[in-house]
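Engineer: Heads up, my numbering is the position in the sequence shown plus 10, with the first residue counted as 1.
Calculated from the structure, these hints are not laboratory results.
Just so we're clear, the structure is a prediction, and the values are computed from it rather than from any experiment.
Don't take every hint at face value.
List time: in silico DSSO-like cross-link candidates among lysine-lysine, alpha-carbon distance up to 27 Å [said to hold, decoys possible]:
1) Lys19 / Lys105
2) Lys12 / Lys32
3) Lys12 / Lys100
4) Lys105 / Lys58
5) Lys32 / Lys58
6) Lys12 / Lys58
7) Lys32 / Lys19
8) Lys100 / Lys19
9) Lys32 / Lys105
10) Lys19 / Lys58
11) Lys105 / Lys12
12) Lys100 / Lys58
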Amino acid sequence: MKVLVTGAKGQLGTDLMNELEKRGIEGIGVDVQEMDITDAEACRRVIKHSGADAVIHCAAYTAVDAAEDNADLCRRINGEGTRNVAQACKEADTKLMYISTDYVFDGQGTRPWEPDDHREPLNAYGQSKYGICIPSRCIFSCCFNCCACFTAASS
């Protein structure tokens with residue numbers, strides 16, 4: 011099995027590449043230099059030519075505090091970029107796993123978040139991730155081989 015990891019030079023992407031190697035799974039790591047996710051054609055080209063069986067999408071604008079001053083860039087990367095990856099996966103008939111964040115929730119939970127819990131992001135970063143999952147404009151409606159995961163920092 012071959013797995014393409016976007017954002018492979020980031021913290022999560024690096025950990026995933028290491029974990030794939032430990033498990034004997036071929037990982038193809040790409041970062042902005044190899045595939046700018048805001049470029050739809052680059053996404054189509056790289057995903058199609060990678061021959062990957064699956065994509066784990068970790069690339070994102072993750073500077074939570076800076077997102078307040080760079081909301082448009084944050085939305086472009088986390089929203090449009092993720093849409094480009096999802097569309098390219100659909101066209102290549104490649105499975106997609108999307109890593110999201112607990113910042114789409116209001117932080118008032120008393121138990122682990124569930125995928126269908128009410129979302130109420132409190133900042134620009136959370137809103138950029140939430141916009142991907144609003145049912146009326148869900149980007150994943152274009153991609154049937156998809157799984158979305160929400161992450162939270164461990165305490």
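Engineer: Please go over all the hints and tell whether each is borne out by the structure.
Structural biologist: Okay, the hints, checked on the actual structure:
Among the hinted pairs, Lys19 with Lys105 is consistent with the structure: their alpha-carbon atoms are about 21 Å apart, no more than 27 Å. Annotation: proposed proximity of Lys12 to Lys32 holds, straight-line Cα distance about 14 Å (limit 27 Å). A threshold of 27 Å between alpha carbons decides the hint, and for Lys12 with Lys100 the separation of about 17 Å falls inside it, so the pair holds. A C-alpha spacing of about 12 Å is found between Lys105 and Lys58, which places the hinted pair at or below 27 Å, so the restraint holds.
Our distance criterion of 27 Å between C-alpha atoms is met by Lys32 and Lys58, whose separation comes to about 25 Å. Restraint check for Lys12 and Lys58: the C-alpha separation of about 12 Å stays at or below 27 Å, so the hint holds. Of the supplied pair hints, the one linking Lys32 and Lys19 holds, its CA atoms being roughly 17 Å apart against a limit of 27 Å. For the hint linking Lys100 to Lys19, the alpha-carbon distance of about 24 Å falls within 27 Å, and the restraint holds.
At most 27 Å may separate the alpha-carbon atoms for a hinted pair to count; Lys32 and Lys105 meet this at roughly 21 Å. The straight-line distance between the Cα atoms of Lys19 and Lys58 is roughly 21 Å, inside the 27 Å bound, and the hint therefore holds. Only pairs whose Cα atoms come within 27 Å are accepted, and Lys105 paired with Lys12 is accepted, the gap being roughly 11 Å. A C-alpha spacing of about 10 Å is found between Lys100 and Lys58, which places the hinted pair at or below 27 Å, so the restraint holds.
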